[in-house]
Structure formats: structure tokens, C-alpha cells
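Enquirer: Sequence:
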Amino acid sequence: MPELPEVEVVRRGLESWVTGRTTDVVEVLHPRAVRRHTAGADDFAGLLTGRTVVAPRRRGKYMWLPLTEAGRPEDRPVEALLAHLGMSGQLLVGDPGREREKHLRVRITFTDGEHDLRFVDQRTFGHLMMTDLVPDPLTSGSLGPGDLVPEPIAHIAADPLEDAFDDDAFFRALRRRRTGIKRALLDQSLISGVGNIYADEALWRAKLHWARPTETLTRAEVSRVLTAAREVMSAALNVGGTSFDSLYVNVNGESGYFDRSLDAYGRRDEPCRRCGTAIRRDVFMNRSSYSCPACQPRPRRARY
DNA sequence: AACTATTCCTGTGTGC
DNA sequence: TGCACACAGGAATAGT
Numbered sequence: 005m006p007e008l009p010e011v012e013v014v015r016r017g018l019e020s021w022v023t024g025r026t027t028d029v030v031e032v033l034h035p036r037a038v039r040r041h042t043a044g045a046d047d048f049a050g051l052l053t054g055r056t057v058v059a060p061r062r063r064g065k066y067m068w069l070p071l072t073e074a075g076r077p078e079d080r081p082v083e084a085l086l087a088h089l090g091m092s093g094q095l096l097v098g099d100p101g102r103e104r105e106k107h108l109r110v111r112i113t114f115t116d117g118e119h120d121l122r123f124v125d126q127r128t129f130g131h132l133m134m135t136d137l138v139p140d141p142l143t144s145g146s147l148g149p150g151d152l153v154p155e156p157i158a159h160i161a162a163d164p165l166e167d168a169f170d171d172d173a174f175f176r177a178l179r180r181r182r183t184g185i186k187r188a189l190l191d192q193s194l195i196s197g198v199g200n201i202y203a204d205e206a207l208w209r210a211k212l213h214w215a216r217p218t219e220t221l222t223r224a225e226v227s228r229v230l231t232a233a234r235e236v237m238s239a240a241l242n243v244g245g246t247s248f249d250s251l252y253v254n255v256n257g258e259s260g261y262f263d264r265s266l267d268a269y270g271r272r273d274e275p276c277r278r279c280g281t282a283i284r285r286d287v288f289m290n291r292s293s294y295s296c297p298a299c300q301p302r303p304r305r306a307r308y
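Counted from 1, the first sequence has number 70 at position 66 by our numbering; the numbering is strictly sequential.
Derived from the structure by calculation, the hints contain no laboratory data.
Glycine residues also receive a C-beta, built at the ideal position from the N, C-alpha and C atoms.
Worth double-checking, as some hints may not be accurate.
[As the list claims (entries may be wrong)] Computed cross-link-like contacts, DMTMM-like style, restricted to lysine to aspartate or glutamate with a CA-CA straight-line distance of at most 20 Å:
#: 1; residue 1: Lys106; residue 2: Glu31
#: 2; residue 1: Lys211; residue 2: Asp171
#: 3; residue 1: Lys211; residue 2: Asp273
#: 4; residue 1: Lys211; residue 2: Asp136
#: 5; residue 1: Lys211; residue 2: Glu274
#: 6; residue 1: Lys106; residue 2: Asp116
#: 7; residue 1: Lys211; residue 2: Asp286
#: 8; residue 1: Lys106; residue 2: Glu78
[As the list claims (entries may be wrong)] Label-pair restraints from in silico Cβ distances:
#: 9; residue 1: Ala158; residue 2: Gly270; range: 30 to 40 Å
#: 10; residue 1: Glu31; residue 2: Ser227; range: 21 to 31 Å
#: 11; residue 1: Ser238; residue 2: Asp191; range: 18 to 28 Å
#: 12; residue 1: Arg179; residue 2: Met289; range: 15 to 25 Å
#: 13; residue 1: Asp136; residue 2: Arg179; range: 46 to 56 Å
#: 14; residue 1: Asp170; residue 2: Ser20; range: 30 to 40 Å
#: 15; residue 1: Asp99; residue 2: Glu274; range: 38 to 48 Å
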């Protein structure tokens with residue numbers, strides 16, 4: 005499923021395919037796709053029609069297309085189309101006349117009549133919405149034109165690939181919490197962009213058990229898990245980059261270029277690539293956690 | 001205020 | 001063959 009690297013692949017694809025183009029017709033084919041746009045599908049479509057797209061942005065697993073009025077790409081955007089892909093969402097660019105996908109939720113055409121943009125989402129956890137841009141709380145001290153973020157995500161933390169991410173502040177926040185490290189890694193108010201897969205991969209690389217109490221972590225251990233998260237996500241991003249040549253902005257995380265590189269996730273009963281011990285699977289937060297029993301021993305005092 | 005359980009959704013795979 | 005159920009899981013929300 006799409007996590008930070010897959011979303012970044014999509015963002016780059018959109019950058020090359022839709023930047024500078026002006027929207028024409030917006031069709032919402034399933035209301036659930038715009039459920040977070042509380043004013044409704046018609047309002048969503050109205051706000052998105054006749055707008056020019058400028059450089060796409062991303063924070064964590066959210067991405068957004070800042071919009072100006074039609075034909076005014078030099079203006080400072082104050083609104084954006086915000087997207088979250090959920091578990092199965094895809095943003096596809098292609099021939100406007102091609103067949104409609106079974107799970108097509110939103111279709112956007114452009115005034116030039118070239119490739120359309122489609123939001124396709126089988127499991128409907130993803131969504132699109134129109135929103136205002138507000139000053140970024142994380143960079144409010146600095147000047148610069150990129151300093152706005154969508155209002156609904158102004159509360160989330162920076163992701164670990166952003167300059168704005170503060171490793172030491174993250175460490176101090178963990179020490180104040182009374183929870184487990186994996187729960188903390190999935191908490192977007194502490195760190196954004198890390199999902200179930202990359203959390204398990206980062207913990208495996210850092211040799212930390214998912215139930216390790218955050219208040220007992222050392223600065224070195226936190227550095228290790230952050231470095232591991234950055235390495236594994238960067239590696240996935242590099243491999244995902246191969247899809248740019250395609251006409252389609254490919255977000256299909258499951259077909260994954262990166263599947264074969266995973267060390268922990270999905271490898272139940274397979275040998276740990278470091279020590280050969282069988283990888284175990286635990287159920288936690290209603291989802292799977294994979295770890296090596298030898299490299300990542302369960303702490304005596306576990307926190308879930 | 002910090003923490004945790006619940007909820008949304010549908011296609012696939014498995015066991016009986 | 002058909003049915004029931006587990007599973008995949010991000011993040012808002014409600015509840016403690």
C-alpha cells in the first residue's frame with residue numbers, strides 16, 4: 005500500500021504531467037471519495053473547476069496540488085486539492101477516452117484536452133478534498149514562497165525526509181510519552197509518513213522490538229531508528245522512480261518494485277536475513293507486526 | 001492531556 | 001461449489 009515513498013513517486017509523476025495545466029470538467033463518481041470535503045461533492049467540483057495547477061507538494065503520506073485561478077500560474081496559491089491515497093488509492097494520468105476503471109471515483113479533465121487525471125480507489129480509504137492553504141507551523145520562522153500547507157494537515161508532524169524534521173525534538177517527545185515505539189512511529193503528530201510496513205522495516209534495521217517503551221529509549225537508539233527509516237524509505241523511493249517513464253503515474257504499492265527488498269514485513273516463518281531465526285508475526289493495533297525474535301528481543305516491560 | 005479502542009471499506013484467500 | 005470469516009490498514013473520532 006502507498007506509504008511515503010510511493011506517494012512521493014506519485015507526486016513527482018504529477019509534477020511532470022499536470023503542472024501548469026488548467027482543469028476543465030470534474031466528475032465525482034463516488035461521494036465517499038470526497039467525504040472529508042464537508043460542503044459536498046458539488047461544492048468540491050465547483051471549487052476545482054477552472055483552476056491552474058502549480059508544483060505539487062507532499063508531507064508524509066499527504067500530497068496536494070496548489071491551485072491558482074485559471075491561466076495565472078504566477079499567482080501565490082491560497083487553495084489546494086489535497087489527496088490521501090489510503091490503502092488502495094491511485095492517481096492515474098492517461099488518454100481521456102480510455103475505458104473507465106471499475107473503481108474510478110473522481111475524474112478531472114483539462115482544458116488542453118490532453119491526458120486526464122483519475123482517482124481510482126478500490127477500498128475507499130483514500131480521499132480528495134479542496135482546502136485553504138495556511139502558514140506552515142513547522143517553518144513559520146522562515147521566509148519563502150513555499151511556506152503554506154493545507155489547513156486539515158497543519159497539525160501533523162514533519163516526515164523524516166523533510167528538512168523541517170527535528171531529530172532531537174522527536175527524541176524528547178518520545179521520552180515524554182508512555183507508549184510503545186511502534187505506536188509512536190505510526191502517530192502522525194510525532195512523525196508523519198511512516199506506515200505499518202516501513203515501521204517494521206525501520207525497527208528491524210535498528211534492532212528494536214515494537215513494544216519497547218519509548219521512555220526508555222536512548223538518544224542513540226532513536227537516531228538508529230530514524231536513520232533506518234530514512235534509509236529504507238529512500239531505497240524504496242529510488243526503485244519506485246523507475247515508473248516515471250510510463251504514461252501512468254503508478255501508485256500500485258502492492259505490485260511493488262520494493263517487495264523483494266523487505267527484511268521483516270510479510271516474512272513470517274522465513275529466516276531473518278541477519279541471523280537466520282524465523283521471523284515472527286504478532287497482532288497489534290489490529291494489524292501485523294513482523295520482527296526477528298533474536299535480533300529484536302521483547303522487552304521485559306512491554307508497552308503496546 | 002495522554003492514551004486506546006473503534007470505525008470506515010471491498011477483494012482475496014482459506015477452511016469447512 | 002458455496003458459505004463464513006480473517007485479513008489488508010490510515011487516521012479521524014469517541015471514549016477512558
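Enquirer: Hint by hint, say whether it matches the structure.
Expert: Checked hints:
Restraint check: the Cα-Cα separation between Lys106 and Glu31 comes to about 15 Å, which is no more than 20 Å; the hinted pair holds. Simply put, Lys211 and Asp171 have alpha-carbon atoms about 19 Å apart, close enough for the 20 Å limit, and the pair holds. This hinted pair checks out: Lys211 and Asp273 have alpha carbons roughly 18 Å apart, not beyond 20 Å. Restraint check for Lys211 and Asp136: the C-alpha separation of about 42 Å exceeds 20 Å, so the hint is violated.
A threshold of 20 Å between alpha carbons decides the hint, and for Lys211 with Glu274 the separation of about 17 Å falls inside it, so the pair holds. Under the criterion of a C-alpha separation no larger than 20 Å, the hint pairing Lys106 with Asp116 is inconsistent with the structure, at around 26 Å. Distance restraint check for Lys211 and Asp286: the Cα-Cα separation of roughly 16 Å lies within the 20 Å cut-off, and the hinted pair is therefore satisfied. A hinted pair counts as satisfied when its Cα atoms are at most 20 Å apart, and Lys106 with Glu78 does not qualify at roughly 37 Å.
For Ala158 and Gly270, the hinted distance range of 30 to 40 Å is satisfied, since their beta carbons lie about 34 Å from each other. A hinted range of 21 to 31 Å for the beta carbons of Glu31 and Ser227 is inconsistent with their spacing of about 48 Å. Between Ser238 and Asp191, the C-beta spacing of about 22 Å keeps the proposed range 18 to 28 Å intact. Remark: the range hint 15 to 25 Å for Arg179 to Met289 is upheld by a beta-carbon distance near 22 Å.
Between Asp136 and Arg179 the beta carbons are some 35 Å apart, a value that contradicts the proposed interval 46 to 56 Å. Between Asp170 and Ser20 the beta carbon distance is about 31 Å. The supplied range of 30 to 40 Å therefore holds. Taking the beta carbon of each, Asp99 and Glu274 are about 41 Å apart, inside 38 to 48 Å as hinted.
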